[in-house]
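These protein sequence lines map, in sequence, to chains H and X. Following my numbering, the numbering of the first sequence begins with 31 at its first residue and continues without gaps. Following my numbering, the numbering of the second sequence begins with 31 at its first residue and continues without gaps.
Treat the hints as calculated values from the structure; they're not laboratory data. Not one of these hints is a red herring.
Note: identical chains are not told apart, hence a pair may lie in one copy or across any two.
Pairs of lysine-lysine, DSSO-like flavour, derived with a Cα cap of 27 Å:
(1) 459 to 104
(2) 104 to 482
(3) 81 to 482
(4) 326 to 381
Owing to the predicted nature of the structure, the values given are computational and were not obtained by experimental measurement.
There are 2 protein chains.
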Amino acid sequence: MSGTMTTENLRIVSLDVKDIRFPTSLGAHGSDAMHTDPDYSCAYVTVKTAKGDEGHGLTFTCGRGTEIVVAAVKSLRNMVIGQTAFEIFKDFAGFWRSLTSETQIRWVGPEKGVTHLAVAAIVNSLWDLWAKLLNKPVWLLLADLEPEQLVSTIDFRYITDVITKEEAIEILKKAREGKEERIQDLFVHGYPAYTTQVGWLGYSNEQIIELCQRYLDLGFTFFKLKVGNDLKDDIRRLELVRNTIGWDNTLAVDANQVWEVNEAIEWMKELARFKITWIEEPTSPDDILGHATIAKALKPLGIGVATGEMCCNRVMFKQFLQADAMQYCQIDSARIGGINEILSVYLMAHKLGVKICPHAGGIGLCEMVQHLQMWDYICLSGTREGRVIEYVDQQHDQFVNPTIVDKACYQAPRVAGYNTTLKQEAIEKYEYPNGSEWESMYQKGLFHDPRKLY
Amino acid sequence: MSGTMTTENLRIVSLDVKDIRFPTSLGAHGSDAMHTDPDYSCAYVTVKTAKGDEGHGLTFTCGRGTEIVVAAVKSLRNMVIGQTAFEIFKDFAGFWRSLTSETQIRWVGPEKGVTHLAVAAIVNSLWDLWAKLLNKPVWLLLADLEPEQLVSTIDFRYITDVITKEEAIEILKKAREGKEERIQDLFVHGYPAYTTQVGWLGYSNEQIIELCQRYLDLGFTFFKLKVGNDLKDDIRRLELVRNTIGWDNTLAVDANQVWEVNEAIEWMKELARFKITWIEEPTSPDDILGHATIAKALKPLGIGVATGEMCCNRVMFKQFLQADAMQYCQIDSARIGGINEILSVYLMAHKLGVKICPHAGGIGLCEMVQHLQMWDYICLSGTREGRVIEYVDQQHDQFVNPTIVDKACYQAPRVAGYNTTLKQEAIEKYEYPNGSEWESMYQKGLFHDPRKLY
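Let's have the full structure, built from the sequences with the hints guiding it.
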C-alpha cells in the first residue's frame, strides 16, 4: 500500500447509481425467442473514496426493469458508504455476505433476481476500485493474489458438499506451475472468442450470409445461431450458415429457454444433422433436472447442453454441475453476486471437470468476463483447450477502455480496473429517462416519454 | 354476471401500492436463525374498477426491501390498468404470463425474487376482486370453477414433463365426488392448524413453557420449534417442549436455512430422539439435490424434510417433488406468482403423492392460505389426513376479516374475497415511512427516520 492510502483516504464516501439504456430494440439487435425487443441497459454504480478514487461496476439489464435494480442498489447503499476499501478487501467474503444476507432484505431474494443483480453491480464496482488502487487490470489483480487471499473473497456457504475453502486453496496452489509463461502467452495470443452475431432472430438471409462471411474473414471459427421459434425456419437458417461456414468450423445453437423438456429433445433431434456442438438454454434456467434429462438424451447425438447466463447463484450452478446437466458452463459476469461468487463457480466447475465458456454481449459483459476467463487460464484450469468466450460487437464504444478482439481473440487488457468505466458522453446521452438521446427520441416519437405516464 | 357488470364498469382504472410495516423487531417476534430482526411488512396492492369495486392483494416482506417490491409493482402497473376484470379472468393464464414474461423486465427475474413477489401481490389483488365481484370467499370461487376453468388460470410452461393441462383436468374431474359433503364438513369442523408460537429463538424458558401450555389448552396437538443456532440450546429447548407437550403430540423443527448439507444431517441425528416429524428448511432453499440427500439420510430416523416457503417458482417446486427432496410441501400464499402458480404446485404435489402443509404467519399468510388448503380438501386431495396449516397468532387484528382459529382449526371464511383487506386504521398507522405510528417511533428514538438518511 502506498503512503497515500490511509484509512481515511480510502473511506468510501459516496455510491451513485444510474439507469443507462441504449435503444437497441430499434435495430432488433439482441432479439431472441424470449426477449423480443431488448434495449440493452445497465444499472451503473460509481463508488468514490475520500481521496477521490473511483470504482465503476454494472449489471446488465434489458431496458424496463432497470429502475427496479437501481432501487435495490439504493436500498443497499448505506451498507457500503462509510466502509474503508482495504478493510472490505481484507474480509471480502464477510462483506459480501453482509450484502447478500442483510437480515431484512434477504427475504425478497434470497441471492436471486433484482437484489442479487444489485449486489453484483456494487461488488463489481469495488473490484474495479481495488484494481485501480493497485494499478492493475482485474485479471492481474486476481492472478497476483495468493491462493489464501483469493479464496478469502469467496463465501462457501451452501457449497461445501462440493468444495471447501481448504480444497480450493489446494487446487490453486497446485495450479501455480507455469503461471508466468501463461501470462506472457496471453499477452501474445489473447483468448479465443466465438460470435453470436450471425444469427439473431429477425435478421434476413442476406444479413446472415454477409455476417457469416464477415466473421470468417475476421478469423472466427466458432459460430452460434438463435433457434426455437419455428423448426422449419431454424433448418433453413442452419443450412444457410453451414453452407457458408463449411463443416470444419464449430456451430452451436441457442434456444433462450423457449422449450419444454421433451420438446427440446425432439426439436434438437431434427437439428442434429447440422453437427451442433451445444444447445444453449433449451428450457427454464431453473430446471436442473430438466437440463439433465435433455443432456442425457442428446449425448448420443454429440450435442452438449450449455446454460448459465440466467443461472441465479452458486447453489444453482453447484447442482447443474453435480447433476451432469451442463456440459458447458456459461457464467455471466454481470449476474450472480459479482466476481466473488463467480470465482466459486469456476472452482466447482474445475473440480467437477466442466469447461467454462462464458456468456457475453449485452453491455459490458465482454469487458468484464475476459478478465475472469484469463484468470482461469493463468491460475486454475491452465488451458484454453475447448474453451471460448462469446463475443458480440455492440456498444463497446460506450466504454473508455473497450474490449479489443483481434484475429478472433480477446486481447489481454492492460489498463487498470475492470474495463467498466462508461464514457461521460455515453452517460449524458443515454441516462434514462433524462439523457439527451432519450429526449431526442421522445421528440421523434420513437419512444414514449415515461415521465408522462402517471 | 349481473347486469351492472358491463365491460366499462369492470375496467381497472387504478392500481395503488403501499409499503406497510409493523415494528415486530421490537419484541423479537418471528426471529429465526437467518432473519434475526424482522419487521413484518407487506407490499399492499389495491386495484379499483370504474364502478368502484376494489381488490386487495399483498406479498409478505420483512421490513427493509419492501420499497424495492413496491418499485417493481409500479413498473408492472400499466400492464393492469385499462384491462377489464372479466377479460383477465377469461384467460388468466395468458394475463399471468404477460406479467411474468414482460419482454424486458423478465431479464431481472425471471419468475423469482423481487419481480415475482410483485406479480404475487398484483395477482392476489385480482383474485380478491374476482371473489368480491361474485360475492364469494376465494375458496368457494375456486371450488365453484369447473375443472376446465380452474386449469385455464394456470401457466403450464416448464412443468409439462410432470403434469399437462389435460391431466390436471382429468384429476380434478375424478376428485369431484363428495365435494358438497366436504364443503359442509368444512363449515362444521374447519381445517387443522399447528403452532410455531412456542419456540422462536430469543424466547426465554418461562415463555416457552407458558406458551406450550397455552396452546395445549387451546387444543393444539402439533408444535414447531426453531433450531439451528446452537445444538446444546436446541436440545435444552426440545427437552423443555417435550416435557410440557408429552410424546403423543406432534413436534417439528425449523432451521431456516442455516446449515450446510452434511451439517444438517449430523445435527438432526442429535435431535432425532425427540421424535421429530419434519426438519424444515435445513439448508439453502435453492438446493434441491442437497435436500434430497438430507431426506434420504434422515428417512431411517423417521424424520421428513419440509420446505417451500422461500421456493421461488413452480419449476423449483417441480424438481423438489421429482427428486423426493420434500416430504412436506410448504407452499407460501404470498410468494411465487400468486394463486395461479400455487394451484400448479398443488396439482403436481397431488400427482406425485406429496402432502401440502402450508407455511403461514407473517402478514396475511394465514388469511390467504386457508382458502387454498380448503380448496385442496374440497376439490383435489379430498382429505385432511396428515395435513395441517401453520398458525401464528400475530397481526391478524390489522385485517378487516381476520383468520378465525377455533379449537386449533381454521374456520371456513364466509365473507367475500381473500381476507386480505387491511383496516384503514392499520394503513394510517403503519404505512412506511410516513404512518402515524412510525412518526411516533422516530420521536421516541425506537427507529431511525429513513427520510433523514440522504
